[in-house]
Amino acid sequence: MQPGTLTRPELTLADRCDRCGAAAKVRAVLPSGGELLFCGHHARAHADKLRELEVDVQQGE
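The numbering of the sequence shown is full-length UniProt numbering, which starts it at 1 and goes up by one.
You may find that some hints are simply not true.
Pairs of lysine to aspartate or glutamate residues, derived as EDC-like cross-links and limited to a Cα-Cα distance of at most 16 angstroms, are as follows [said to hold, decoys possible]:
| id | residue 1 | residue 2 |
| --- | --- | --- |
| 1 | Lys49 | Glu35 |
| 2 | Lys49 | Glu61 |
| 3 | Lys25 | Glu52 |
| 4 | Lys25 | Glu61 |
| 5 | Lys25 | Glu10 |
| 6 | Lys25 | Glu35 |
Pair ranges (Cβ atoms, derived) [what the hints assert, rightly or not]:
| id | residue 1 | residue 2 | range |
| --- | --- | --- | --- |
| 7 | Leu13 | Glu52 | 27 to 35 angstroms |
| 8 | Ala23 | Ala47 | 13 to 21 angstroms |
| 9 | Glu54 | Leu13 | 27 to 35 angstroms |
No lab work stands behind these hints, which were simulated from the structure alone. Cβ coordinates follow ideal geometry from the N, Cα and C atoms, glycine included.
Make the full structure from the sequences, and use the hints.
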C-alpha cells in the first residue's frame with residue numbers, strides 16, 4: 001500500500017481573498033502548512049514577501 005498524497009482542492013467561486021473578500025485567484029501554502037487565499041491584486045502586492053518566505057504559490061483558474 002502506498003501512502004496517499006495530500007492535495008488541496010481547486011479554488012472555486014466560493015473561495016475569497018483573505019485581505020479584501022474578492023474572488024481568490026491564488027493559494028499561498030505556508031511552510032508551516034497553513035494557507036492564505038489572495039485575489040490577483042493582493043497576490044501581486046505580496047509577491048516579493050511570499051517569495052522571500054519560500055511559500056508555495058498555486059494559481060487558480
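Status of each hint after checking the structure:
no., hint, result
1, Lys49 - Glu35, "holds, 14 angstroms"
2, Lys49 - Glu61, "violated, 23 angstroms"
3, Lys25 - Glu52, "violated, 20 angstroms"
4, Lys25 - Glu61, "holds, 7 angstroms"
5, Lys25 - Glu10, "holds, 10 angstroms"
6, Lys25 - Glu35, "holds, 13 angstroms"
7, Leu13 - Glu52: 27 to 35 angstroms, "holds, 30 angstroms"
8, Ala23 - Ala47: 13 to 21 angstroms, "holds, 18 angstroms"
9, Glu54 - Leu13: 27 to 35 angstroms, "holds, 29 angstroms"
Violation of the numbered hints given earlier is confined to hints 2 and 3; the remaining hints are satisfied by the structure.
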